[in-house]
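2 protein chains.
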Amino acid sequence: MDNLQIGRHISGQFNEDLERVINNVMHMGGLVEKQLTDALIAVGQSDVDLAKQVLSNDYQINAYEVSIDDECTRIIAKRQPAAGDLRLIMAVVKTIADLERIGDEAEKIAKVALESFSSSQQDLLVNLDNLGRRVLEFLQASLDAFTRMDCETAIKIHQMDDKINREYEALMRQLMTYMMEDPRSIPQVMTVIWSARALERIGDRCQNICEYIIYFVKGKVVRHTTAEDMKNL
Amino acid sequence: MDNLQIGRHISGQFNEDLERVINNVMHMGGLVEKQLTDALIAVGQSDVDLAKQVLSNDYQINAYEVSIDDECTRIIAKRQPAAGDLRLIMAVVKTIADLERIGDEAEKIAKVALESFSSSQQDLLVNLDNLGRRVLEFLQASLDAFTRMDCETAIKIHQMDDKINREYEALMRQLMTYMMEDPRSIPQVMTVIWSARALERIGDRCQNICEYIIYFVKGKVVRHTTAEDMKNL
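Those protein sequence lines, which keep their order, are chains A and B.
Heads up: the first sequence begins at 1 in the numbering used here, then just goes up one per residue.
Heads up: the second sequence begins at 1001 in the numbering used here, then just goes up one per residue.
Hints listed in this document are in silico derivations from the structure and should not be mistaken for laboratory results.
Among the hints, erroneous ones may be present.
To be verified - Sample of chain A residues facing chain B (criterion: CB under 8 Å; computed from the structure):
#1 L31
#2 S46
#3 A77
#4 Q80
#5 G84
#6 M90
#7 M179
#8 M180
#9 I186
#10 M190
#11 V221
#12 R223
#13 H224
#14 A227
Just so it is clear, the structure is predicted and the values come from calculations on it, not from any experiment.
A virtual CB, placed ideally from N, CA and C, is assigned to each residue, including glycine.
All chains should be modelled from the sequences, with the hints used to inform the complete structure.
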């Protein structure tokens, strides 16, 4: 982790506590990234074992959330941080909540690998995989920006979600058409629909993480700000 | 608001600040409850105007979230609360995030009223309405428990979500069958599916609010605790 960037923002005395917390967030983020990667591989390769592994690993992410959250409350009570320090801790508390939910969504995606698809349905999985790759990129970029508390990057990648939403909408239309043409496929296609939805939700949560970075660095809540206004921050 | 209950938990000096925050959460909660109620009425009565009103009112909920969140950070920085006081503020920060998202889900539900349904499709809306009423009850009970910081009630109503999930699964099966029997109805039915999903998500978020109440009163994170273990708290 590049502690220099973080170090610039915080006062000396919290360094050790905060570094430990940020390191834990990084570990948790790495785990979430791995879960999403594995879920996508499991779906792409119909790998039932890998899918089951994703399902059984989720508890680790949950455990991280509980322990980091606890650590943050302890730091606030013990260190009584103000201004930037406090904003950083609040940003961490919110980020880990989103990371935990991204883990839950990865589980939902992994479940698609437990379904069996006919060869003609494989097309749908290809498009799901494309959406998945784009979302995974967004997650990686968000975690990277978080590690460096890089506000410029956060503002820039924040808009990646628009592209994800457009790709998601196109996939949805394709899936609906598929169901209308072959109603017997509806149960399978619905599984793909839930995964696509899960990916779209992950995109929203990556966007949240970008917003927490901006909040920490700029001290501004941009949750309901337009893209245009965000450029002028 | 019954301040006595809150008063019992907190130390004297924060009373005024905390009371103001809790009152604002109550106002926000009332607004969210009204949005969900109106969304369900709009769907039930195909009331396009009311649906549009729900869509245009959402900004008020967002504004509450931003201002309460800001107020909470200010209180932490100014008052440097410890133990129960701090847990209460952390519970508020998390609760308003969930309330804001419940507002977003209410918007999605309202959008169903903008679709037109054939008379044979009205059956689907009746079952959606039943699920909606149950979720609205859960929201009201959760907000009520939050106002009184009533941990016993929070533990008891926490399980309402299981019932909601079962009702949601049954509705989903019905909607899938409907689509398979009449593929031309797929676009309309998908709108109902998204609303049902939104209601299911609201149930999850009400469950989160119950967990924050338990966290505040008991000092324990129960997010990943089984119903059985929760009884022994």
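Verification of the hints:
| no. | hint | result |
| --- | --- | --- |
| 1 | L31 | 15 Å, violated |
| 2 | S46 | 23 Å, violated |
| 3 | A77 | 5 Å, holds |
| 4 | Q80 | 4 Å, holds |
| 5 | G84 | 11 Å, violated |
| 6 | M90 | 6 Å, holds |
| 7 | M179 | 6 Å, holds |
| 8 | M180 | 5 Å, holds |
| 9 | I186 | 5 Å, holds |
| 10 | M190 | 6 Å, holds |
| 11 | V221 | 5 Å, holds |
| 12 | R223 | 7 Å, holds |
| 13 | H224 | 5 Å, holds |
| 14 | A227 | 16 Å, violated |
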